[in-house]
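Residues per chain, in single letters:
Protein chains: 2
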Amino acid sequence: MMTDRSCNEFLDILASSAPVPGGGGASAMVGALGMALGSMVGNLTLGKKKYEQFQEDIKVILKEADVLQKDLFALIDEDARVFEPLSKAYGLPKNTEEEKSKRDEIMESALRLACSVPVKIMEKAMEAIKLHEEIAVKGTRIAISDVGVGVLFCKSALLGASLNVFINTKLMKDKQYAGDINSMTEKLIEEGIKRADTVYNEVERMLKD
Amino acid sequence: MMTDRSCNEFLDILASSAPVPGGGGASAMVGALGMALGSMVGNLTLGKKKYEQFQEDIKVILKEADVLQKDLFALIDEDARVFEPLSKAYGLPKNTEEEKSKRDEIMESALRLACSVPVKIMEKAMEAIKLHEEIAVKGTRIAISDVGVGVLFCKSALLGASLNVFINTKLMKDKQYAGDINSMTEKLIEEGIKRADTVYNEVERMLKD
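Residue numbers (the numbering used here), protein chains in the order written: chain A, 267 to 475; chain B, 267 to 475.
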C-alpha cells in the first residue's frame with residue numbers, strides 16, 4: 267500500500283518513473299490535505315463560547331470531513347489499482363489485425379476503468395468544497411486563512427483529477443461514451459471552480475482588509 | 267519531525283487542533299508533491315530516443331527539481347519551528363500597560379518570523395513553476411497530464427502560502443513593513459498565476475483537442 271509510506275517516501279516514489287502513483291493519486295492526496303485543513307478549523311472551533319450556536323453543526327461537519335478525508339486518501343491506492351490493467355494493455359502486441367483488434371478491445375475497457383477513479387476523486391473533492399463553504403461561515407475566524415488554503419487544495423484536487431479523466435477519454439474509441447464523461451467532468455469543473463473561488467476570494471478579502 | 271511521519275499520520279495531525287502543521291506546512295507539502303510530479307515526467311523522458319535532443323537538459327532539470335522538492339519538504343518543519351514563538355506570544359499577559367507594550371513588542375517580531383517561511387515557500391513554488399515551464403516543452407508527451415497537475419499544485423502552494431503571509435502582516439503594527447511584504451507577495455502571486463496558468467491551459471487544450 268502506497269499510503270502506509272512516510273511522506274518523504276511517497277514523494278520519492280511519485281518523483282520516480284514508477285507508473286504509480288501519478289497525477290491521479292497525487293490529486294487524491296491534495297484533496298485529503300485540503301479536507302484535513304477544514305477539519306483543523308472545525309476542531310479549533312469546538313468548545314469555543316463565541317461559536318456556541320454552531321457547536322452541533324461543527325460536530326456534524328467534523329464527522330463528514332473525517333469520512334471524506336479517509337475516502338480521498340483511500341483513492342490513492344485505488345487509482346494505482348485501476349491503472350495497472352491499462353499499463354498492461356499498452357504492452358500488448360499489435361503485429362497482426364487480430365492482435366490489434368484484441369488490443370483495442372482490452373484497451374477500451376482498461377481506459378474506462380482507469381477513468382473511474384479520477385471521476386470519484388472529483389466527486390469527493392466537490393463534497394469537500396461544499397463542506398468548506400459551511401466551515402467558512404461557522405468556523406473560528408482565528409483560522410480563516412486555513413479555510414482558504416483548504417478550499418484551494420480541494421479545488422486543485424478536482425482540477426488535477428480532471429486532467430486524468432481527459433487523458434483517458436482522449437484515447438477512447440467510443441466517442442459517445444468519452445463525450446459523456448467529458449461533459450460531466452466539465453460540469454464538475456465549472457461548479458467546483460465557482461464554489462471554491464467564492465470561498466477563497468472572500469477569505470483573501472478578509473485577510474487583506 | 268513532522269516529516270518523518272506516514273502520510274496518514276501527517277493528515278491526522280493536520281486535521282487536529284494542534285497548532286502545527288497548518289496551512290503553511292500543508293502548502294509546502296503540496297508544492298513538494300507538485301515538484302515530484304514534474305520530476306516524474308523528467309524521469310519518464312530519460313533515455314527516450316524521441317527526446318534525444320533534450321537528454322542533457324532533462325538531467326539538469328531533474329537535479330534542480332530534486333533540490334526544490336527537498337527544500338519545499340524541509341519548509342514543513344521550518345514553518346512549524348517559526349510558528350512556535352507566535353503561538354507563545356498570544357498567551358502573554360496583557361493586564362497592565364507595561365505588559366501590553368511588552369507583549370506588542372514580542373508579538374511584532376514573532377509575526378515577522380512567522381511570515382518568513384511562507385515567503386520562502388512562495389519563492390520555492392515560483393522556481394518550481396518555472397521548471398514546469400521547461401518540462402512542458404522538453405518532457406515526454408505521454409505524461410503531459412502530469413505536467414499540468416504538477417504546475418497546478420505548485421501554483422496552489424504559492425497561493426496557499428500567500429494567505430499565510432497575509433494573516434501575519436494583517437496583525438503587524440508596523441504598517442510600512444507589512445505593506446512592503448504584502449506588495450512583494452502580490453507580485454509573486456500575479457507572476458505565478460500567469461506563468462502556471464499558461465502551462466496548465468496549454469496542457470488542458472492538448473488533452474481536450
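Some hints could be false.
[To be verified] Restraint-style ranges between C-beta atoms, simulated for each label pair: (1) Asp446(A) - Arg471(B): 17 to 23 Å; (2) Thr464(A) - Pro351(B): 32 to 38 Å; (3) Pro351(B) - Ile279(A): 34 to 40 Å; (4) Arg271(B) - Glu389(A): 26 to 32 Å; (5) Ser382(A) - Lys360(B): 53 to 59 Å; (6) Arg347(B) - Lys439(A): 50 to 56 Å; (7) Lys360(B) - Ala340(A): 31 to 37 Å; (8) Met267(A) - Pro351(B): 34 to 40 Å; (9) Lys460(A) - Glu457(B): 21 to 27 Å; (10) Asp440(B) - Lys336(A): 31 to 37 Å; (11) Glu457(B) - Asp332(A): 24 to 30 Å; (12) Lys360(B) - Ala284(A): 21 to 27 Å; (13) Ser367(B) - Glu389(A): 51 to 57 Å; (14) Gln319(B) - Met450(A): 35 to 41 Å.
Source of the hints: derived by calculation from the structure; they are not laboratory data.
We treat Cβ as the ideally placed atom computed from N, Cα and C, and that holds for glycine.
Each hint tested on the structure:
{"no.": "1", "hint": "Asp446(A) - Arg471(B): 17 to 23 Å", "result": "holds (21 Å)"}
{"no.": "2", "hint": "Thr464(A) - Pro351(B): 32 to 38 Å", "result": "holds (35 Å)"}
{"no.": "3", "hint": "Pro351(B) - Ile279(A): 34 to 40 Å", "result": "holds (35 Å)"}
{"no.": "4", "hint": "Arg271(B) - Glu389(A): 26 to 32 Å", "result": "holds (28 Å)"}
{"no.": "5", "hint": "Ser382(A) - Lys360(B): 53 to 59 Å", "result": "holds (56 Å)"}
{"no.": "6", "hint": "Arg347(B) - Lys439(A): 50 to 56 Å", "result": "holds (54 Å)"}
{"no.": "7", "hint": "Lys360(B) - Ala340(A): 31 to 37 Å", "result": "violated (46 Å)"}
{"no.": "8", "hint": "Met267(A) - Pro351(B): 34 to 40 Å", "result": "holds (38 Å)"}
{"no.": "9", "hint": "Lys460(A) - Glu457(B): 21 to 27 Å", "result": "holds (25 Å)"}
{"no.": "10", "hint": "Asp440(B) - Lys336(A): 31 to 37 Å", "result": "violated (44 Å)"}
{"no.": "11", "hint": "Glu457(B) - Asp332(A): 24 to 30 Å", "result": "violated (37 Å)"}
{"no.": "12", "hint": "Lys360(B) - Ala284(A): 21 to 27 Å", "result": "violated (54 Å)"}
{"no.": "13", "hint": "Ser367(B) - Glu389(A): 51 to 57 Å", "result": "holds (53 Å)"}
{"no.": "14", "hint": "Gln319(B) - Met450(A): 35 to 41 Å", "result": "holds (40 Å)"}
Hint compliance for this structure: hints 7, 10, 11, 12 are not met, and every other hint is.
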